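A.B. asks: For the sequence shown, the working numbering gives the first residue as 432, with consecutive numbering after it.
Calculated from the structure, these hints are not laboratory results.
Since we're looking at a predicted model, the values are computed, not measured.
All C-beta atoms in this analysis are idealised placements derived from N, C-alpha and C, irrespective of residue type, glycine included.
Treat the hints with care, since some could be wrong.
As the list claims (entries may be wrong) - Quick list of the computed label-pair ranges, beta carbon to beta carbon:
#, residue 1, residue 2, range
1, 995, 857, 47 to 57 Å
2, 863, 722, 20 to 30 Å
3, 875, 506, 42 to 52 Å
4, 989, 659, 43 to 53 Å
5, 659, 964, 52 to 62 Å
6, 851, 980, 34 to 44 Å
7, 851, 995, 49 to 59 Å
8, 659, 857, 45 to 55 Å
9, 550, 955, 42 to 52 Å
10, 788, 706, 50 to 60 Å
11, 981, 722, 41 to 51 Å
12, 520, 851, 35 to 45 Å
13, 539, 974, 47 to 57 Å
Stated by the list, open to error - Calculated cross-link-like contacts (lysine to aspartate or glutamate; reagent style DMTMM-like; alpha-carbon spacing at most 20 Å):
#, residue 1, residue 2
14, 731, 660
15, 505, 527
16, 850, 910
17, 724, 527
18, 659, 601
19, 440, 527
20, 978, 716
21, 440, 874
22, 440, 479
23, 663, 628
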Amino acid sequence: MEGAVKFAKVLVTSAWPYINVIPHLGNLVGSVLSADVAARYYRLRGDDVLLVSGSDEHGTPIEVEALRQGITPKELTDRNHARVAALFQKWGISFDNYTRTESPVHKEFVQETLMKIYRNGYIFSQDTQMLYCEHDQRFLPDRFVEGKCPYCGYERARGDQCDMCGRLLETTFLVEPRCVICGNTPIVKTTRHWYIDLSRFAEPLTTYIKNNQQLPANAKNFSLNWIKEGLKPRAVTRDVEWGIPAPFPGAEGKTIYVWVEAVLGYVSATIEYCRRIGAPEKWREFWFDKSAKTLYFVGKDNIPFHTIILPALLLATGEDYNLPWNVSATEFLQFKGAKASKSQRIGIWIDEALELFPADYWRFFLMATRPETKDANFSWEFFLEKINADLNDTFGNFIHRTLSFINARFNSEIPQPQKLTVEDEAVLQDIREKVREIVEEFEAAKLQSAANTLISMGRVGNQYLNEKEPWNLIKTDKERAATILYVAAQIAKATAIAAAPFMPTIAEQLWQTLNLHGSVHKSTWEDALKPLAAGHKIAKASPLFRKIDADEKKLDELLAKIRENTVKL
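All chains should be modelled from the sequences, with the hints used to inform the complete structure.
C.D. replies: So this is what it looks like as structure tokens:
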């Protein structure tokens, strides 16, 4: 399609979800779900697409949660990985490979890569001061310690990052630190760690970020400001037991910092997939072929790990890896005015959501309200508006009255049109333009705009039917009514393809009702512009959506009841 240049390979991925608990909608919208919607778009372009991610199961969040539950970290992650992977399937996430950081392929790749960087002279060791809990007799890296952020004053900043301002931290930066296990104030103690010297990559990283026209403004500005403040050596090891053993000489007992190994997981997941399909060298086509593109979907708090740390690691290998082509970073999704929080139980979790409504309802809503330029706020009022007004009354209403009318008055066959009027041609041209708009919006990773343009296609169709009134016209001019329904059927076909990335199940239902060949997910964007032939037989239509008959109070009560009966990780 015009405006869309095909790539040889497209690797789409998302930040790997921590599986200490089930993700909430805020975790899902900016990472896994956005990546899936984008991957589905690129498949419809005919590209060679690979969608990978995995469970991030190492590091302090897992250890803290395992301690809380009285089980081992491995027991926790074995259980949680299986459950989260199953939930993603229910959400329609079309992973080619959803793996985990306990994968042998991942562990091997991380250790080999870091040793390569070490031999290249970018990793060094030195003694450093770390927080140590005398009561629990352990060092307190990352989320084993909380305190006040020295930059913004947030009271519950973690030892590795402040959730409020997004700054990366060291544990010793925290004001009034406290051990999350026992609550005591830790002491400062000397330990030895290994570091990557990020300062040596300031110039190539600046050039990469400035020259990358695909990076959105929030990712570009945040990253350049971070470099401007001065890149400092970043620890790649931790004093924790649960993780990948550090491979460096003298680093016995140390493990790799979770964010260092997690970002390398994008490569290892590709390697693992290619080995599984019997093409062990194919991964290089995604990571070294300069016609290939890599897209990362993350929350804004993960920006520096994908624009600074991952590129630095890839550069440090001395190999010509493809650096991130796009890091699409969303702002936060708030829940009734408060920041969604796994630890504070603020928000809706992805298992709870599916108990309330079908996955496609949530997929559309989250994409149509995706927080791309500013924080978004979830409210039941807004949710009901998008589902009832946009999906049911606009999109679904147009489709159902078009196809059911063809069922009832034209023997379920696409009517034979007479000569199209100027108005008919204008409506079809409008739909073609909207399909092109959706393509352009996807190319710019503007998924929110693309979702809302989809609804505008239904709005055009509804307006056309309302103005032409074929249900009245058929009594006096059946040939003209047939032409109107022919035009409406073309819109229905185009919307089936345009809806596929957002609502894969409902789009497939519509495709089958239209009785089209194969699956909508095997079609292309060009197919959306090809006419549906007169005489083509369709199946009996049924409503695509159901109106939600509930108010905010009723939905809150229903959610509370579901939450009582839902087992939490």
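A.B. asks: All hints are to be evaluated individually against the structure, with a verdict given for each.
C.D. replies: Against the structure, the hints come out as follows:
Between residue 995 and residue 857 the Cβ separation comes to about 54 Å, which falls inside the hinted range of 47 to 57 Å. The given range of 20 to 30 Å is respected by residue 863 and residue 722, whose C-beta atoms sit roughly 28 Å from each other. Range check, residue 875 to residue 506: about 44 Å between beta-carbon atoms, so the 42 to 52 Å window is met. Look at residue 989 against residue 659: about 49 Å separates their beta carbons, and that is inside 43 to 53 Å.
A hinted range of 52 to 62 Å holds for the C-beta pair residue 659 and residue 964, which are about 60 Å apart. The hint said 34 to 44 Å for the Cβ distance between residue 851 and residue 980, and at roughly 40 Å that hint holds. For the hinted restraint 49 to 59 Å between residue 851 and residue 995, the CB-CB distance of approximately 58 Å keeps it satisfied. Between residue 659 and residue 857 the beta carbon distance is about 51 Å. The supplied range of 45 to 55 Å therefore holds.
In this structure the supplied range 42 to 52 Å holds for residue 550 paired with residue 955, their Cβ-Cβ distance being about 46 Å. Between residue 788 and residue 706, the C-beta spacing of about 38 Å breaks the proposed range 50 to 60 Å. Evaluation of the 41 to 51 Å hint for residue 981 and residue 722 yields a pass: the beta carbon distance comes to about 50 Å. Between residue 520 and residue 851 the CB atoms are about 44 Å apart, so this pair conforms to the stated range of 35 to 45 Å.
A C-beta distance of roughly 51 Å is found between residue 539 and residue 974, which places it inside the suggested range of 47 to 57 Å. Using a Cα cut-off of 20 Å, the hinted pair residue 731 and residue 660 holds, with the two alpha carbons roughly 18 Å apart. A hinted pair counts as satisfied when its Cα atoms are at most 20 Å apart, and residue 505 with residue 527 does not qualify at roughly 24 Å. Distance check on the hinted pair: residue 850 and residue 910 sit about 10 Å apart at the alpha-carbon level, within 20 Å; holds.
Restraint check for residue 724 and residue 527: satisfied, since their Cα atoms lie roughly 17 Å apart, inside the 20 Å limit. Distance restraint check for residue 659 and residue 601: the Cα-Cα separation of roughly 19 Å lies within the 20 Å cut-off, and the hinted pair is therefore satisfied. Between residue 440 and residue 527, the direct Cα distance comes to roughly 14 Å. Compliance with the 20 Å bound is thereby established for this hinted pair. Distance hint between residue 978 and residue 716 is unfulfilled; the C-alpha atoms sit about 46 Å from each other, more than 20 Å.
As the CA atoms of residue 440 and residue 874 are separated by approximately 15 Å, the hinted pair is consistent with the 20 Å bound. For the hint pairing residue 440 with residue 479, the CA-to-CA distance comes to about 5 Å; that is within 20 Å, so the pair holds. About 7 Å separates the Cα atoms of residue 663 and residue 628, which keeps this hinted pair within 20 Å; it holds.
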